[in-house]
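A.B. asks: Sequence:
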Amino acid sequence: SAVNDHADVLARLANATPFLDAFGHVVIAWLWLWQAVIAQRALENEPSVDADFYQGKLAACTFFYRYHLPQAREKLSYVGSMDRTALDAKATWFTGG
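The opening residue of the sequence shown carries number 1 in this note's numbering; numbering runs sequentially from there.
Treat the hints with caution; some may be incorrect.
To be verified - Straight-line alpha carbon distances no greater than 20 Å define the calculated DMTMM-like cross-link-like pairs of lysine to aspartate or glutamate that follow:
id, residue 1, residue 2
1, Lys90, Asp8
2, Lys57, Glu46
3, Lys75, Asp8
4, Lys75, Asp21
5, Lys90, Glu74
6, Lys57, Glu44
I should point out that these hints are in silico values taken from the structure, not numbers from a laboratory.
No experiment lies behind these values; they were computed from the predicted model shown.
Sequences are here, hints too, so could you generate the full structure?
C.D. replies: This is the structure we're talking about:
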């Protein structure tokens with residue numbers, strides 16, 4: 001029904017922030033992977049040129065994948081559950097009115 005469709009849309013919108021946060025992490029992970037591939041190739045082709053710079057790129061990529069990318073899965077679990085916590089909150093709870 002139209003009422004259920006509207007409620008579904010509102011629940012999806014209420015979860016837009018974790019959705020965007022999660023896919024922001026995914027996009028940044030892709031960018032780090034892209035940089036890591038370039039860094040690895042550079043180290044293989046000319047290991048003495050800018051080695052510290054490229055090793056730093058690889059370390060930063062590893063760090064992001066270990067510590068930040070897993071947060072995307074957690075954020076998407078909220079999105080998938082269609083959590084209504086924010087949607088069900090009433091403005092009067094916070095305004096005292």
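A.B. asks: If a hint holds in the structure, say so; if it does not, say that too.
C.D. replies: Cross-check of the supplied hints:
Proposed proximity of lysine 90 and aspartate 8 is supported: the alpha carbons are some 18 Å apart, at most 20 Å. Restraint check: the Cα-Cα separation between lysine 57 and glutamate 46 comes to about 15 Å, which is no more than 20 Å; the hinted pair holds. Taking the CA atoms of lysine 75 and aspartate 8, the gap is near 19 Å; set against the 20 Å cutoff, the hint holds. Of the supplied pair hints, the one linking lysine 75 and aspartate 21 holds, its CA atoms being roughly 7 Å apart against a limit of 20 Å.
Between lysine 90 and glutamate 74 the alpha-carbon distance is near 26 Å, which puts this suggested pair outside the 20 Å criterion. Our distance criterion of 20 Å between C-alpha atoms is met by lysine 57 and glutamate 44, whose separation comes to about 14 Å.
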